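Visitor: Chain residues, written in single-letter form:
2 protein chains.
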Amino acid sequence: MAQVLRQLPWLNSLTSRNGDLAAAEAFDLNDSRSSSFELLEHGRSASKLAERVHYKDGSTIDWQREEAAERERKRAIHDQRGVRGAFAPIWDSTRIWLVIICTGIGIGIAGAWLDVLVRWLGDLREGRCVYGFFYNSVACCSGLDAGEVCQEWQTWSQYFHISSILGSSLLQSWIYIALSIALAASASVLVVTYAPYAFHTGIPEIKAIISGYVFDAFLGGWTLLIKAVGLALAVASGLSLGKEGPLVHVSCCMAYLFSKIFRLNPTESQKRKLLAAAASAGVSVAFGSPLGGVLFGLEELDTFAFSNESDVMWRGFVISVIAAVSLQYADPFGTSKLVLFQVSGVSDTWKGFELIPVCILAAMGGVIGSLLIRLNATVAVYRHNTSLREWPILEVVGFTAVTAAVSYLIIFCRVQSSELVANLFQECDSSRGDYHGLCNPTAIWRNIFLLVLSAFIKVLLTAWTFGMMIPAGIFLPTITIGACLGRAMGLLTQGLYRAYPDAWIFSACPPDPTVQCISPGFYAVVGASAMLGGVTRMTVSLVVIVFELTGALSHVLPIMVAVVGSKWVGDALGKEGIYSVWIAMRSYPWLPPSEFRDQGQTAASIMKSTDRLVVICDDKEADSGEGTVGALKEFVERHGYHGFPVVTKGNALVGFVIRDKVRAYLDLLSTEADDVSHGSWTFVAATARQNPEFLDLSSLLDEAVLQLRKEVPLQLVVDMFKKMNLRHVLFSHAGKLTGLVTKTDMVWLLTAHLPRTGALSEPHHRR
Amino acid sequence: MAQVLRQLPWLNSLTSRNGDLAAAEAFDLNDSRSSSFELLEHGRSASKLAERVHYKDGSTIDWQREEAAERERKRAIHDQRGVRGAFAPIWDSTRIWLVIICTGIGIGIAGAWLDVLVRWLGDLREGRCVYGFFYNSVACCSGLDAGEVCQEWQTWSQYFHISSILGSSLLQSWIYIALSIALAASASVLVVTYAPYAFHTGIPEIKAIISGYVFDAFLGGWTLLIKAVGLALAVASGLSLGKEGPLVHVSCCMAYLFSKIFRLNPTESQKRKLLAAAASAGVSVAFGSPLGGVLFGLEELDTFAFSNESDVMWRGFVISVIAAVSLQYADPFGTSKLVLFQVSGVSDTWKGFELIPVCILAAMGGVIGSLLIRLNATVAVYRHNTSLREWPILEVVGFTAVTAAVSYLIIFCRVQSSELVANLFQECDSSRGDYHGLCNPTAIWRNIFLLVLSAFIKVLLTAWTFGMMIPAGIFLPTITIGACLGRAMGLLTQGLYRAYPDAWIFSACPPDPTVQCISPGFYAVVGASAMLGGVTRMTVSLVVIVFELTGALSHVLPIMVAVVGSKWVGDALGKEGIYSVWIAMRSYPWLPPSEFRDQGQTAASIMKSTDRLVVICDDKEADSGEGTVGALKEFVERHGYHGFPVVTKGNALVGFVIRDKVRAYLDLLSTEADDVSHGSWTFVAATARQNPEFLDLSSLLDEAVLQLRKEVPLQLVVDMFKKMNLRHVLFSHAGKLTGLVTKTDMVWLLTAHLPRTGALSEPHHRR
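One line per chain: the protein sequences are A and B, in this order. Using full-length UniProt numbering, read the first sequence as starting at 1 and increasing by one per residue. Using full-length UniProt numbering, read the second sequence as starting at 1 and increasing by one per residue.
Treat the hints with care, since some could be wrong.
Heads up, the list lumps identical chains together, so a pair's fine if it works in one copy or across two of them.
Here are the simulated lysine to any residue pairs, SDA-like style, with alpha carbons at most 20 Å apart [as the list claims (entries may be wrong)]: (1) Lys723 to Cys102; (2) Lys56 to Asp216; (3) Lys260 to Ala503; (4) Lys74 to Glu595; (5) Lys351 to Asp57; (6) Lys575 to Ser699; (7) Lys736 to Gly650; (8) Lys74 to Pro510; (9) Lys260 to Val189; (10) Lys351 to Trp504; (11) Lys649 to Ala688; (12) Lys260 to Arg446; (13) Lys351 to Thr602; (14) Lys351 to Asp216; (15) Lys74 to Thr155; (16) Lys633 to Phe353; (17) Lys56 to Ala631.
For the record, the hints were derived by calculation from the structure and aren't laboratory data. Since the structure is predicted, the reported quantities are computational estimates derived from the model, not experimental observations.
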């Protein structure tokens with residue numbers, strides 16, 4: 001046997017390199033164990049590639065194979081005859097568009113209901129509407145004339161007729177904290193009990209899934225329901241979290257659900273293209289930003305890789321528009337506008353000297369963004385490695401209590417984040433009233449202090465919250481932190497201008513300090529952009545999202561400067577954004593998009609050479625008859641890899657076989673005939689023709705494998721993996737197998753430098 | 001000899017397939033003849049790949065080689081010791097950023113001056129300023145109080161004191177036509193005499209260059225100067241053309257010039273990344289749209305392919321911002337706003353029923369866009385194949401006369417296009433006065449007729465103008481056509497509403513027809529977007545450009561619907577946009593981004609098999625001594641291909657050699673020693689070691705060639721060429737060469753279906 005089936009300690013060599021990753025790899029390769037497939041035919045045929053392999057959660061799809069399967073499926077549909085042949089292609093594409101349309105409408109309505117629910121639950125912590133329990137404060141007070149005071153909305157102390165200041169303060173704070181805890185705890189209980197995958201933002205997983213990771217459980221119906229409901233509870237609880245990332249997850253779950261409802265049964269590559277489009281819809285609804293959604297799909301989800309496939313961009317475009325129209329139609333805010341945080345009163349132009357505070361904000365965004373990423377990663381690893389992990393609900397309850405208590409003390413933390421941001425983006429305007437003293441020109445220093453303090457507290461709270469067992473997005477907290485800091489910078493600049501209106505640097509402004517020359521609201525927008533840039537490291541899509549979020553089109557240049565600057569500074573302090581860091585911590589097989597430059601290495605430096613590989617040796621001349629079918633069966637049972645290279649005499653490469661195909665074929669055979677296991681087998685068609693008594697396995701063999709020479713530059717290999725979405729590459733020289741590189745090797749190569757890579761990889765997440 | 005150097009009729013087989021393309025290929029491969037290169041070392045080394053090949057115009061670069069050269073260069077800079085080693089990397093990247101900054105500032109200022117020049121020259125056709133010849137009408141009349149009539153700007157008949165109506169009309173029209181002809185003719189003379197590459201838009205060539213085509217003459221200093229000056233003259237002449245595309249060309253020329261000034265001496269791949277960034281700056285200035293510029297670079301110039309290289313996006317971002325800031329600082333319109341065609345007075349929301357006219361406009365955009373593309377291609381081919389080609393200046397003069405005469409009769413054609421568009425985008429507002437009767441509510445049918453007639457005439461004029469020997473962009477004419485049709489549709493809808501205010505379909509509007517419910521200006525924006533979508537087939541970047549151009553952020557959804565719809569309809573009528581059609585007509589080696597799906601073919605269907613290839617046979621066992629150095633030299637002189645596969649006995653693949661390297665090496669040798677030509681040679685290192693008397697050419701050999709098996713699906717090969725930017729792929733099986741596919745084969749495969757592919761390919765354009 002030893003001559004026929006060589007086995008060498010590839011796995012062991014991996015383990016010594018990185019324990020977690022080796023486990024992941026072993027897992028990755030092992031766990032397609034229960035796969036089944038549909039077609040199994042004897043004989044070689046062009047449709048050989050098209051057999052559908054069902055991947056299990058935790059494995060990585062083979063894009064080449066899946067694309068081939070998709071082409072084959074399309075061809076089969078088009079080749080049908082008669083009436084069926086005429087209608088099948090139409091029905092096929094109609095179903096896809098039905099899924100797109102339904103998902104778009106669904107996520108638009110879900111987003112609208114989420115907003116309504118959050119606003120009502122959030123307001124409930126402060127008081128209630130006299131004439132109806134289910135009205136939020138805005139709906140309760142609508143229909144009043146200008147200047148009229150709203151009597152219908154009562155705080156709890158008013159409602160319970162408690163007039164003493166101490167009593168009312170105590171009651172208000174007590175209800176505030178208790179309701180916050182109740183909301184957060186119920187979200188957490190729902191997540192822990194019914195859908196553990198509904199926690200966190202979901203974007204890292206979606207990114208990994210779209211790039212080829214298989215994780216169907218993450219997209220299930222329960223996850224959809226719990227994530228949507230839990231998200232509303234979590235956001236209303238006042239924790240430092242947002243709804244944006246989770247909405248992307250909800251949108252993807254919805255697309256998956258609809259694809260099941262319409263019996264689309266998509267191939268794995270088709271499914272991923274659908275998910276990429278659905279993710280655009282999520283962003284479109286979360287920010288009211290249809291174009292930002294499309295660009296988010298392109299930039300952040302790396303669907304640049306599909307850019308040749310105009311389908312993906314198309315569907316993203318259409319689904320984003322439908323989702324935004326649905327949201328606008330549902331009109332949760334009663335404004336029939338998409339723009340969430342309309343910037344108003346900001347002067348249409350900006351002055352050259354304002355680039356100085358903008359650059360400072362950009363640098364701050366980069367530094368604090370990196371800090372937040374590192375803090376968050378540290379907390380996540382701490383949680384993972386201590387007994388906190390055993391008590392997720394308790395952690396949520398405790399931390400919500402801390403958050404609520406701290407937030408209640410500081411007015412800018414107590415209000416809902418979205419309300420705070422909307423007001424920070426606004427210019428002070430005598431007609432609109434003062435927002436908690438923000439516009440008081442005599443209290444500049446108090447306001448600056450309060451804003452910076454709020455930002456500081458929010459950083460700490462967010463670093464802990466993002467990763468608890470509760471649905472939580474990072475966008476809104478980041479925007480809040482940035483808007484606080486930006487507004488503080490704006491107030492500072494305004495204060496300086498008012499103090500020294502004649503200074504040379506303010507020469508672009510009139511020397512009269514009572515004139516509105518500096519708009520602190522605009523600084524808040526810039527600060528938010530810079531902080532988002534520092535945390536997510538997005539660029540173009542971020543700028544578009546900020547536009548569509550604020551309508552501040554005339555300030556495109558400062559916003560671009562802020563985003564570019566913060567990414568620059570942030571990249572200098574740590575190369576990747578928060579999503580990439582989480583992906584790396586969880587060891588998902590995903591290649592970060594950041595540039596890789598080799599230092600003159602060739603592929604040989606990363607390649608596993610033949611003597612360390614498990615290969616199937618089909619050398620019938622050397623030991624004819626010794627390699628029996630039984631031995632082959634035992635071999636594939638024993639080695640859990642995704643597949644094996646097949647070689648003949650002298651390591652000459654014949655092709656590559658997928659383990660599951662061989663297993664299923666041999667299983668099929670042994671049910672038909674028992675005595676087959678003592679016969680001989682071959683993968684080489686020529687050998688099979690010469691020896692008709694051999695079991696001909698050549699139909700299982702994939703001859704069209706991608707081969708390189710090991711002398712190619714490492715960068716070329718990296719580029720090929722990234723751009724072609726490869727699963728593995730074989731290396732050969734003069735027809736002889738010299739080695740193999742898998743996606744896992746690439747992931748290791750490209751993510752090893754990130755902080756805490758693999759620190760959170762849990763086998764149960766990959767089942 | 002026949003045994004050593006096999007030659008088979010590859011070229012002939014190609015010619016039978018497509019004459020023009022075969023010529024192009026022969027040309028493409030032939031014309032690196034006079035290449036030279038810097039390093040030539042004996043001995044095999046890792047830096048072998050890094051030798052700089054200087055490509056001649058008309059060839060295609062080898063991206064893999066150039067990327068390797070770039071890496072090698074970076075490494076060499078970093079490996080320097082001492083003070084030089086510390087500063088060299090800084091100086092290296094500083095120079096790149098200097099080029100970026102200078103190009104950004106340069107194109108911003110150039111764009112501003114262009115605007116000033118065009119406005120003045122254009123106004124000169126109507127009259128002059130009393131107190132200064134060099135003032136345009138706006139500058140001349142500035143400083144007046146509201147309501148005051150401008151006396152300082154006089155028409156020519158006023159200036160020459162001609163009071164009779166007939167006389168003044170004749171004089172005005174005569175001067176208008178004569179000056180138009182003079183301006184266009186001078187532009188044409190400049191182009192024909194000094195810089196023939198300065199004609200047309202330049203975007204097709206830029207696209208081809210960025211994807212790897214070598215065409216340095218297109219980026220020369222003279223081209224820069226003539227294109228900028230000629231563009232101002234051409235635009236001012238009132239021909240149906242815009243400045244947008246040519247500005248992209250000017251920007252790229254500028255970047256190339258600055259890279260020479262700063263002695264950057266970039267590698268070919270680095271140069272292309274720089275050009276991609278510069279192109280963004282061009283768009284940024286042309287539309288006042290920095291973000292649109294970045295996205296244009298990403299979408300239209302296919303720099304998606306570089307998306308992993310964050311450098312490119314970065315530089316695009318920075319250069320766009322710098323260019324826009326420079327433009328804003330130079331402030332040609334005195335508004336210190338970037339927004340060119342500010343939409344004002346448009347209501348912030350739109351109604352559901354308006355989607356019906358929007359969809360009609362989208363369909364019209366797609367149909368008329370396709371029509372315009374086909375008309376334009378037909379005219380271009382007609383011009384190319386008739387004697388018109390010999391008289392380019394005469395053609396310009398004649399056609400300008402026709403344009404001026406026709407335009408003078410119709411008021412909406414007579415005014416400058418940019419002024420017309422700005423007014424079509426505006427809402428009617430009693431405070432701003434009526435623009436040539438456009439706002440007269442009693443003249444709806446007259447206006448609709450005039451607008452549709454103008455659009456029709458513009459389509460015909462544009463189809464002819466785009467391609468004459470004069471710098472000409474297609475964006476502005478397209479916007480004009482679309483805006484006319486859109487405004488007409490808006491007027492129609494408004495008219496219907498006023499006639500039937502109580503109709504069910506208008507239920508979203510108040511039943512009072514005097515209320516402003518429908519905004520015709522908004523329809524003009526939608527029409528322009530739809531027409532742009534139909535002509536260019538851009539998507540995301542187009543929507544962003546329209547936003548930044550108009551500031552109509554609240555109408556993102558209808559604009560997206562229009563762009564998506566027109567692309568859909570357009571793609572159904574003809575797959576590619578106007579730039580792709582021109583690239584295909586000129587047979588540039590460029591792969592269109594549109595999706596390709598094979599019908600089950602494998603690579604074998606397109607591969608040139610070994611028996612049709614010219615290969616170098618290094619079979620020393622078969623005929624030792626017979627293959628002499630002299631014979632090899634003669635062989636490489638005789639065959640003009642870019643390179644040759646090297647095989648040994650039985651077609652076993654050894655590697656690939658570049659023809660120019662062999663030629664240069666052998667030339668070098670023969671200057672050193674005369675008797676070498678009778679000696680034997682080998683590319684195989686092992687053979688060289690065994691036979692020290694053989695000339696060892698193994699250092700010239702590239703062993704790390706990309707190989708595939710011919711059984712791989714055709715789509716995979718197409719994807720590899722597109723995504724990896726390959727020049728050729730070898731096919732092998734069990735170490736034996738089976739065939740070759742080049743980029744030219746791919747171009748043929750992907751563009752053969754386009755109308756009039758290759759119809760304009762002229763050898764002189766590739767010299």
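Visitor: So, for every hint listed, does it hold in this structure?
Guide: Cross-check of the supplied hints:
Proximity of lysine 723 and cysteine 102 under a CA criterion of 20 Å is satisfied in neither setting, with 31 Å inside one chain copy and 33 Å between copies. Proximity of lysine 56 to aspartate 216 under the C-alpha cut-off of 20 Å is restricted to the intra-copy arrangement: shortest distance 8 Å within a copy versus 53 Å between copies. Neither within a single protomer nor between protomers do lysine 260 and alanine 503 lie at most 20 Å apart by alpha-carbon distance, with minima of 67 Å and 42 Å respectively. With identical chains, the CA atoms of lysine 74 and glutamate 595 are at most 20 Å apart between copies only, with a shortest distance of 15 Å across copies and 36 Å within one.
Within a single copy, lysine 351 and aspartate 57 get their C-alpha atoms no closer than 54 Å, and across copies no closer than 46 Å, so neither meets the 20 Å cut-off. Taking identical chains as interchangeable, the C-alpha atoms of lysine 575 and serine 699 are never at most 20 Å apart, the minima being 46 Å within one chain and 38 Å between chains. For the homomeric pair lysine 736 and glycine 650, the shortest alpha-carbon distances inside one copy (7 Å) and between copies (16 Å) are both at most 20 Å. In this assembly of identical chains, the alpha carbons of lysine 74 and proline 510 never lie at most 20 Å apart, being 68 Å within a copy and 50 Å across copies at closest.
Taking the shortest Cα distances, lysine 260 and valine 189 never come within 20 Å of each other, neither inside one copy (28 Å) nor across copies (66 Å). With identical chains, the CA atoms of lysine 351 and tryptophan 504 are at most 20 Å apart within one copy only, with a shortest distance of 13 Å there and 50 Å across copies. In this assembly of identical chains, lysine 649 and alanine 688 lie within 20 Å of each other by CA distance solely inside one copy; the values are 16 Å within and 27 Å between copies. In this assembly of identical chains, the alpha carbons of lysine 260 and arginine 446 never lie at most 20 Å apart, being 56 Å within a copy and 55 Å across copies at closest.
In this assembly of identical chains, the alpha carbons of lysine 351 and threonine 602 never lie at most 20 Å apart, being 51 Å within a copy and 60 Å across copies at closest. Taking the shortest Cα distances, lysine 351 and aspartate 216 never come within 20 Å of each other, neither inside one copy (52 Å) nor across copies (40 Å). In this homomeric assembly, lysine 74 and threonine 155 never come within 20 Å of each other (Cα to Cα): the closest approach is 62 Å inside a single copy and 67 Å across copies. In this homomeric assembly, lysine 633 and phenylalanine 353 never come within 20 Å of each other (Cα to Cα): the closest approach is 75 Å inside a single copy and 66 Å across copies.
Proximity of lysine 56 to alanine 631 under the C-alpha cut-off of 20 Å is found in neither arrangement, the shortest distances being 26 Å within a copy and 60 Å between copies.
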